[in-house]
Amino acid sequence: MTVSNPINQFSNKTALVTGANSGLGFEAAAQLAEAGYSRVILACRTLDKAEAAKQALAERVGIDPFETLEVDVSSVESANAAGDELIRRGHSIDTLLLNAGMISGDEMKKSPDGLEVAFASSIVGHHVLTLRLVEADILPKDARVVIAGSESANNDVPAMMDMSLYDFATEAPQEFGDTLHQAMITFAKGDKPELFNPTRYYATTKVFTSWWTAAMARRFGERLAIFTVSPGANLRTNAARHTTGFKNFLFTKVMPTLAPVMGMGQPISMGAKRYIDVLHGEDGEYANGKTYASKAKKFVGPLHEMQHAHLLDVDRQEVAWNVLNELTGTAEHQTSQIAIAG
Numbered sequence: 004m005t006v007s008n009p010i011n012q013f014s015n016k017t018a019l020v021t022g023a024n025s026g027l028g029f030e031a032a033a034q035l036a037e038a039g040y041s042r043v044i045l046a047c048r049t050l051d052k053a054e055a056a057k058q059a060l061a062e063r064v065g066i067d068p069f070e071t072l073e074v075d076v077s078s079v080e081s082a083n084a085a086g087d088e089l090i091r092r093g094h095s096i097d098t099l100l101l102n103a104g105m106i107s108g109d110e111m112k113k114s115p116d117g118l119e120v121a122f123a124s125s126i127v128g129h130h131v132l133t134l135r136l137v138e139a140d141i142l143p144k145d146a147r148v149v150i151a152g153s154e155s156a157n158n159d160v161p162a163m164m165d166m167s168l169y170d171f172a173t174e175a176p177q178e179f180g181d182t183l184h185q186a187m188i189t190f191a192k193g194d195k196p197e198l199f200n201p202t203r204y205y206a207t208t209k210v211f212t213s214w215w216t217a218a219m220a221r222r223f224g225e226r227l228a229i230f231t232v233s234p235g236a237n238l239r240t241n242a243a244r245h246t247t248g249f250k251n252f253l254f255t256k257v258m259p260t261l262a263p264v265m266g267m268g269q270p271i272s273m274g275a276k277r278y279i280d281v282l283h284g285e286d287g288e289y290a291n292g293k294t295y296a297s298k299a300k301k302f303v304g305p306l307h308e309m310q311h312a313h314l315l316d317v318d319r320q321e322v323a324w325n326v327l328n329e330l331t332g333t334a335e336h337q338t339s340q341i342a343i344a345g
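Per my numbering, the sequence shown starts with residue 4, numbered consecutively.
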């Protein structure tokens, strides 16, 4: 699907997409190239995956503005190395799409840093990489950033999907610890494996992306616009590739077949277009630091600003920010570098 761009306003712009080798990331990279970006950086877990995506995308869109970047966004070291490489290249990144992420399989797996891998791949490396780019002014003033969200973060999806949030996301913590900080640390590290449920972990992780977006906007909202955007329920992505048993059957067989009939699914091109619509939104069209997804209990359709109390909870947003800094070794910035909105 070509994104209409009659005046080619992106001809001197650079975009970067994480998880660009398949699914929504691949489709979004194609749409950005079709919009006229002079450079689209394909950030993938391995260079082999990135090079294969580059070739396939160039064949699809008929032009080759693509560059490759190796980054495992579940790894702090890899995210820092990718930041170093982007700083070395010296290109300003006008549009940053943090798309990479996954639903874990039934057995908990840990990232190289000892964190639950779905949590790490959705938020940890993205936190590190984005802050590196902010610090180095690689994200110029008026850059736009989107991180992938999910309707599951709203805590209102059908019970059969088994995606209810863990208690610390919405109420007084108890399952993972007695304080928000303790609960978030324990959750991130997977230190209570008896509580591990991959779909609940995924949904709760997507709450972290909303908290992170709001905290980022408080700090850097005068120089960049940042949003959490759910791509909706999309047919045949790779997000559920690690699930097994009934959940794998549900997400890879049942939902792709029944979802369109039930108004609960859409082509990947439409999900990627959600990202692009917000990345290319007019000033004021989308509120900085906010989360956008389908309306209540829906997975497709127009984007709406999410108003759920747990997503807007400033205390949880700030604890989550501090936890991410602690887990990644990322120092809080000097007050003079932070534009905290009043």
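It is worth saying that the hints were derived from the structure and are not from the lab. Bear in mind that the values here come from a model prediction, so they are computed numbers and not experimental data. Keep in mind that a hint or two might mislead.
[Stated by the list, open to error] In silico EDC-like pairs for lysine to aspartate or glutamate, Cα to Cα no more than 20 Å straight-line: (1) LYS293 x GLU80; (2) LYS16 x ASP145; (3) LYS195 x ASP159; (4) LYS298 x ASP159; (5) LYS293 x GLU321; (6) LYS293 x GLU329; (7) LYS276 x GLU308; (8) LYS144 x GLU225; (9) LYS300 x ASP165; (10) LYS301 x GLU174; (11) LYS293 x GLU225; (12) LYS293 x ASP316; (13) LYS192 x GLU110; (14) LYS192 x ASP286; (15) LYS195 x GLU178; (16) LYS144 x ASP316; (17) LYS112 x ASP194; (18) LYS16 x GLU285; (19) LYS112 x ASP145; (20) LYS112 x GLU197; (21) LYS192 x ASP116; (22) LYS113 x ASP194; (23) LYS16 x ASP286; (24) LYS301 x ASP159; (25) LYS112 x ASP97; (26) LYS16 x ASP97; (27) LYS195 x GLU225.
[As the list claims (entries may be wrong)] Derived Cβ-Cβ restraints for the label pairs, each shown as a range: (28) GLU308 x ARG91: 33 to 41 Å; (29) ALA61 x GLU174: 46 to 54 Å; (30) GLU174 x ILE66: 47 to 55 Å; (31) HIS94 x GLU285: 40 to 48 Å; (32) SER14 x PRO115: 24 to 32 Å; (33) GLN58 x ASP286: 17 to 25 Å; (34) GLU174 x ASP109: 20 to 28 Å; (35) LYS113 x GLN185: 27 to 35 Å; (36) PRO115 x ALA55: 20 to 28 Å.
Quick reminder that beta carbons are idealized off the backbone N, C-alpha and C, glycines included.
Quick rundown of the hints versus the structure:
no.	hint	result
1	LYS293 x GLU80	violated (29 Å)
2	LYS16 x ASP145	holds (12 Å)
3	LYS195 x ASP159	violated (25 Å)
4	LYS298 x ASP159	holds (11 Å)
5	LYS293 x GLU321	holds (15 Å)
6	LYS293 x GLU329	violated (24 Å)
7	LYS276 x GLU308	holds (17 Å)
8	LYS144 x GLU225	holds (8 Å)
9	LYS300 x ASP165	holds (14 Å)
10	LYS301 x GLU174	violated (24 Å)
11	LYS293 x GLU225	holds (15 Å)
12	LYS293 x ASP316	holds (12 Å)
13	LYS192 x GLU110	holds (14 Å)
14	LYS192 x ASP286	violated (38 Å)
15	LYS195 x GLU178	holds (9 Å)
16	LYS144 x ASP316	violated (27 Å)
17	LYS112 x ASP194	holds (12 Å)
18	LYS16 x GLU285	holds (16 Å)
19	LYS112 x ASP145	violated (37 Å)
20	LYS112 x GLU197	holds (13 Å)
21	LYS192 x ASP116	holds (9 Å)
22	LYS113 x ASP194	holds (11 Å)
23	LYS16 x ASP286	holds (17 Å)
24	LYS301 x ASP159	holds (9 Å)
25	LYS112 x ASP97	violated (34 Å)
26	LYS16 x ASP97	holds (6 Å)
27	LYS195 x GLU225	violated (39 Å)
28	GLU308 x ARG91: 33 to 41 Å	holds (38 Å)
29	ALA61 x GLU174: 46 to 54 Å	holds (50 Å)
30	GLU174 x ILE66: 47 to 55 Å	holds (51 Å)
31	HIS94 x GLU285: 40 to 48 Å	violated (25 Å)
32	SER14 x PRO115: 24 to 32 Å	violated (39 Å)
33	GLN58 x ASP286: 17 to 25 Å	violated (37 Å)
34	GLU174 x ASP109: 20 to 28 Å	holds (26 Å)
35	LYS113 x GLN185: 27 to 35 Å	violated (19 Å)
36	PRO115 x ALA55: 20 to 28 Å	holds (23 Å)
Consistency note: the structure conflicts with the earlier hints numbered 1, 3, 6, 10, 14, 16, 19, 25, 27, 31, 32, 33, 35.
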